[in-house]
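Chemist: Sequence:
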Amino acid sequence: MIDAKVLRQDPNRVRASQRARGESESVVDDLLAAEESRRAAIGQYEALRAEQKALGKQVSRAQGDQRAALLARTKELADQVKKTEAAQNEAAAIFSKLLLGIGNLVEDGVPVGGEDDFQVLETHGTPRDFAAEGFTPRDHLELGQILAAIDTERGAKVSGSRFYYLTGQGAELELALVNLAVTMAVRNGFVPMIPPALVKPQAMEGTGFLGQAAQDVYHLADDDLYLVGTAEVPLAAYHSDEILDAAALPLRYAGYSPSFRREAGSHGKDTRGIFRVHWFDKVEMFVFCDPADAGAEHRRLLEWQKEFITALEIPFQVLDVASGDLGLSAARKFDCYGWLPTQNRYREITSTSNCAEFQARRLNIRARFDTGTAPVATLNGTLCAITRTIIMILENHQQPDGSVRIPQALRPFLGGRERLVPAR
RNA sequence: GGAGGCGUCGCCUAGUCCGGUCUAUGGCGCCCGCCUGCUAAGCGGGUUGAGGGUUCAUCCCCUCUCGCGGGUUCAAAUCCCGCCGCCUCCGCCA
Numbered sequence: 087m088i089d090a091k092v093l094r095q096d097p098n099r100v101r102a103s104q105r106a107r108g109e110s111e112s113v114v115d116d117l118l119a120a121e122e123s124r125r126a127a128i129g130q131y132e133a134l135r136a137e138q139k140a141l142g143k144q145v146s147r148a149q150g151d152q153r154a155a156l157l158a159r160t161k162e163l164a165d166q167v168k169k170t171e172a173a174q175n176e177a178a179a180i181f182s183k184l185l186l187g188i189g190n191l192v193e194d195g196v197p198v199g200g201e202d203d204f205q206v207l208e209t210h211g212t213p214r215d216f217a218a219e220g221f222t223p224r225d226h227l228e229l230g231q232i233l234a235a236i237d238t239e240r241g242a243k244v245s246g247s248r249f250y251y252l253t254g255q256g257a258e259l260e261l262a263l264v265n266l267a268v269t270m271a272v273r274n275g276f277v278p279m280i281p282p283a284l285v286k287p288q289a290m291e292g293t294g295f296l297g298q299a300a301q302d303v304y305h306l307a308d309d310d311l312y313l314v315g316t317a318e319v320p321l322a323a324y325h326s327d328e329i330l331d332a333a334a335l336p337l338r339y340a341g342y343s344p345s346f347r348r349e350a351g352s353h354g355k356d357t358r359g360i361f362r363v364h365w366f367d368k369v370e371m372f373v374f375c376d377p378a379d380a381g382a383e384h385r386r387l388l389e390w391q392k393e394f395i396t397a398l399e400i401p402f403q404v405l406d407v408a409s410g411d412l413g414l415s416a417a418r419k420f421d422c423y424g425w426l427p428t429q430n431r432y433r434e435i436t437s438t439s440n441c442a443e444f445q446a447r448r449l450n451i452r453a454r455f456d457t458g459t460a461p462v463a464t465l466n467g468t469l470c471a472i473t474r475t476i477i478m479i480l481e482n483h484q485q486p487d488g489s490v491r492i493p494q495a496l497r498p499f500l501g502g503r504e505r506l507v508p509a510r
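First residue of the first sequence? That's 87 in our numbering, and the numbers climb one at a time after it.
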């Protein structure tokens, strides 16, 4: 959630952010009104409570008529205290419900607009010229079938559409990618983590996934647990309700977990192969840091993503995502789009968001700074989303015979092999 | 899933039966000071945490805080209900 102080002191900044996101501005006025009635109720409650407490002491010492008179007054007070307490809770509930609903304040410099208004910041590598090489590239599904690495038919038979099996070399490829990603993350100072993939509502709410993204989340109604769409959720909630040692920041975690996404509202989009699926595994970077360092840390996460994609020898671009496409919790987001030869365009392969203090406030994660106890900043970034990465590797490194060259960096994790080879 | 036990201010712990004197006891640890060739020991003092108000800052003030949430009561660590977590045992299970 955004800072209630900012809301009070500079409501226009919140209005501007809402405008950039394409969200309602009037919610700001509703919030200010709710805040005012909440404060009024608190004032009344505190005054009554103080009197009640003072009288309570006298009651325990008083005798006879005096005691009876005091008891009559304290009874009256108790009644009023209950009423003001209820009023206070009601106003607070309205306030926090509204506050939880509004998106993070958009960082300065973010391009304004919707999904297509991103700005391309960088382009790395050069897409192969398959025409010059004299063959037409196969798409990842065809390659996956030739290599006996991807089985979507049986995935559909067992689990439905948008499910798949990674088989043989495909399964090996996932394990190799995970190993490479975790090895690089550890070298960069991350603590590797294998977090739970089912979480309580607070974790989901705290990370901002029950807002506009709620329709994309799997919920187990019998147990009131959610299947996470990213390790970001359990990693963020790891330190919930904790006060961290500021000297220990930044805390960097690399979580390997399955990611479950309902993909509601994307019917008919990217239906071929494993580009958009209901489940995939992912290695995710997550950082808790001093809010003053968040911008710099965000750039570092981006650099580590670029390092990983570069190691896999995939041509890619870095995008500065536009304000309307940030999601609830991000103040700024950079995406890396890898080259997809058969679509003749770049497609999303990683994403990194600076959530500033937005998630930390919701999850109650603070640190003791010199200036006092304050929320930390949280940042997340994909290191390796397995299915997308496999797609990019297969398509970009394919050979005319359907085999696939394994990028140098990955070979140590595949027993030194140089190629994935067609099955018989 | 069943039975029992437990959850108190960093750690350990008293208090809960029988509500008010709990503004929560004591020890350890930690901080400050004294003493002291140094260190240790000793002596004296301080030390729950969070939120808010005030202030340049300190001081100070208020509220909340005995696993969490309700309830009873003028008043709850203490009584009642629900929940959560941990431990032991049983059942089931990879």
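Don't read these hints as lab results, they were simulated from the structure. Glycine included, C-beta positions come from ideal geometry on N, C-alpha and C. Certain hints may be false.
[Said to hold, decoys possible] Derived DEER-like restraints, expressed as beta-carbon distance ranges:
1) SER352 to GLN494: 20 to 26 angstroms
2) PRO508 to SER352: 41 to 47 angstroms
3) VAL277 to ASP487: 25 to 31 angstroms
4) ARG454 to ILE128: 21 to 27 angstroms
5) LEU306 to ALA218: 47 to 53 angstroms
6) ALA218 to ARG101: 42 to 48 angstroms
7) GLY246 to ARG497: 18 to 24 angstroms
8) GLY254 to THR222: 35 to 41 angstroms
Chemist: Please go over all the hints and tell whether each is borne out by the structure.
Modeler: Results for each hint:
Take SER352 and GLN494: their Cβ atoms lie about 35 angstroms apart, and the range 20 to 26 angstroms is violated. Taking the beta carbon of each, PRO508 and SER352 are about 32 angstroms apart, not inside 41 to 47 angstroms as hinted. Taking 25 to 31 angstroms as the suggested C-beta distance range, the pair VAL277 and ASP487 does not conform, at roughly 42 angstroms. Distance hint for ARG454 and ILE128: a CB-CB separation of about 26 angstroms, consistent with the stated range 21 to 27 angstroms.
Checked against the hint of 47 to 53 angstroms, the pair LEU306 and ALA218 passes, with Cβ atoms roughly 52 angstroms apart. Taking the beta carbon of each, ALA218 and ARG101 are about 54 angstroms apart, not inside 42 to 48 angstroms as hinted. The given range of 18 to 24 angstroms is broken by GLY246 and ARG497, whose C-beta atoms sit roughly 35 angstroms from each other. In this structure the supplied range 35 to 41 angstroms is violated for GLY254 paired with THR222, their Cβ-Cβ distance being about 25 angstroms.
Hints 1, 2, 3, 6, 7 and 8 from the list above are not met by this structure, while the remaining hints are.
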